[in-house]
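Numbering (my numbering), first residue to last: 71 to 438.
Quick caveat, the hints were computed from the structure, so don't treat them as lab data.
Please read these numbers as outputs of a predicted model, since none were measured by experiment.
One or more of the hints may lead you astray.
Using 30 Å as the maximum straight-line C-alpha spacing, the simulated DSSO-like pairs for lysine-lysine come out as follows [stated by the list, open to error]:
no., residue 1, residue 2
1, K140, K129
2, K231, K281
3, K129, K413
4, K236, K268
5, K231, K413
6, K140, K413
7, K132, K281
8, K268, K129
9, K231, K268
Label-pair restraints from in silico Cβ distances [to be verified]:
no., residue 1, residue 2, range
10, G234, D391, 36 to 46 Å
11, P209, V123, 49 to 59 Å
12, E432, V157, 15 to 25 Å
13, S322, D194, 22 to 32 Å
14, A287, D217, 27 to 37 Å
15, E190, G234, 43 to 53 Å
16, D391, A298, 44 to 54 Å
17, D165, E432, 49 to 59 Å
18, T388, E154, 17 to 27 Å
19, G300, D165, 43 to 53 Å
All C-beta atoms in this analysis are idealised placements derived from N, C-alpha and C, irrespective of residue type, glycine included.
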Amino acid sequence: MSAYRGRTAIAAAAVSLAVSLAACGTGAESAGSGGAASGEDGFTVGLLFSQIVQARWEKFDKPLIEQKLKELCADCRVEYGNAEGDVATQQQLVDTLINKDVEVLILSAVNFRSLRSAVERAHDAGIPVVAYDGLVEGPISAYVSFDNERVGKLQGEALLKAMGDKADGGRIVMMNGPQTSPTNIAFKRGALSALEGKVEIGKTYDIQGWKQESAHANMVRAVAALGADGIDGVYAANDGLASGVISALKASNIDPLPPVTGQDADLPAVQHIISGEQYMSVYKPFKAEADAAAEMAVALARGENLDDIAETTVDTATTKDIPAVLLDPIPVTVDDIEDSVLKDGVYTTEQICTPRFAAACERAGLIE
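Start from the sequences and build out the full structure, keeping to the hints where you can.
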């Protein structure tokens with residue numbers, strides 16, 4: 071693998087890529103700062119995300135990765151694109167970046183199998199791929215994410231705790247993400263490791279596209295099938311699904327609401343937790359994940375090994391011993407908000423404690 075292919079060609083590619091991607095209508099943009107790559111260490115990094123349904127991608131992951139890349143390589147440039155949930159769009163974005171000779175690609179894949187051929191083409195072109203927040207098949211060079219099975223287990227354990235006496239033999243509904251990636255499969259497997267044998271799973275749904283409205287519709291069906299008094303808890307795999315669940319429970323006039331889990335510590339979820347409508351979420355410190363991805367990308371582009379970055383390895387069906395960073399997720403209930411998302415500066419008290427939530431914030435001790 072060549073660490074550099076010529077700075078002049080890279081600079082020209084970086085300028086033209088933004089134009090060509092925008093012309094294709096992919097929603098991609100040139101997101102680097104400091105102009106075209108120049109200097110001894112300058113090169114172009116491709117950054118491709120899978121969707122915009124979850125606010126974290128554009129609000130946290132993207133700027134954090136760009137910031138760390140800038141710290142590590144002042145003359146580097148980032149070319150960014152978001153597939154907005156469409157496999158064909160992401161394949162097109164990967165191919166465009168390959169043709170423009172990026173030195174390394176950070177990729178959060180829409181579908182871990184469908185991007186295999188694109189990853190193989192990048193590998194054949196000498197472009198290492200860092201899989202971000204979820205594995206992808208093909209010869210990837212590195213992987214960074216959270217311990218996704220532990221995420222699910224933390225959610226399941228928290229749900230049992232919130233259910234109290236009903237944790238022994240109570241009935242729950244499971245609202246999972248799409249079972250089309252190892253990440254989402256791991257969430258569900260981890261949750262089941264805590265829940266199976268303890269509670270009855272009355273209904274279970276795998277929500278394609280993580281769509282909040284689908285979670286709402288399925289929760290309405292679950293209430294109709296099981297009865298308003300027949301649901302003691304809801305496992306929702308992320309905060310978007312949790313929001314759909316909560317709106318359906320409220321529309322069904324269920325009061326009090328059963329405990330509902332979540333993931334990602336989105337701002338509306340944090341407010342739901344404070345108000346008592348959602349029991350918990352899982353906070354995944356985005357900066358640690360973004361920093362690790364940037365460090366891996368820069369090392370790979372410079373032809374360096376990852377021994378000082380990756381503490382473990384993972385396997386896929388196509389690739390073994392992939393250098394990996396697996397970070398620890400953090401469960402967040404109302405008692406943990408101050409020491410997690412507030413402490414890390416993800417949100418301010420003012421952002422959380424809007425007038426609508428002021429009284430709840432007072433009860434939680436966040437404001438006086």
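Comparing the hints with the structure gives:
no., hint, in the structure
1, K140 / K129, "holds (17 Å)"
2, K231 / K281, "holds (27 Å)"
3, K129 / K413, "holds (18 Å)"
4, K236 / K268, "holds (9 Å)"
5, K231 / K413, "holds (25 Å)"
6, K140 / K413, "holds (24 Å)"
7, K132 / K281, "holds (22 Å)"
8, K268 / K129, "violated (38 Å)"
9, K231 / K268, "holds (11 Å)"
10, G234 / D391: 36 to 46 Å, "holds (44 Å)"
11, P209 / V123: 49 to 59 Å, "violated (28 Å)"
12, E432 / V157: 15 to 25 Å, "violated (47 Å)"
13, S322 / D194: 22 to 32 Å, "violated (54 Å)"
14, A287 / D217: 27 to 37 Å, "holds (31 Å)"
15, E190 / G234: 43 to 53 Å, "holds (51 Å)"
16, D391 / A298: 44 to 54 Å, "holds (51 Å)"
17, D165 / E432: 49 to 59 Å, "holds (54 Å)"
18, T388 / E154: 17 to 27 Å, "holds (26 Å)"
19, G300 / D165: 43 to 53 Å, "holds (50 Å)"
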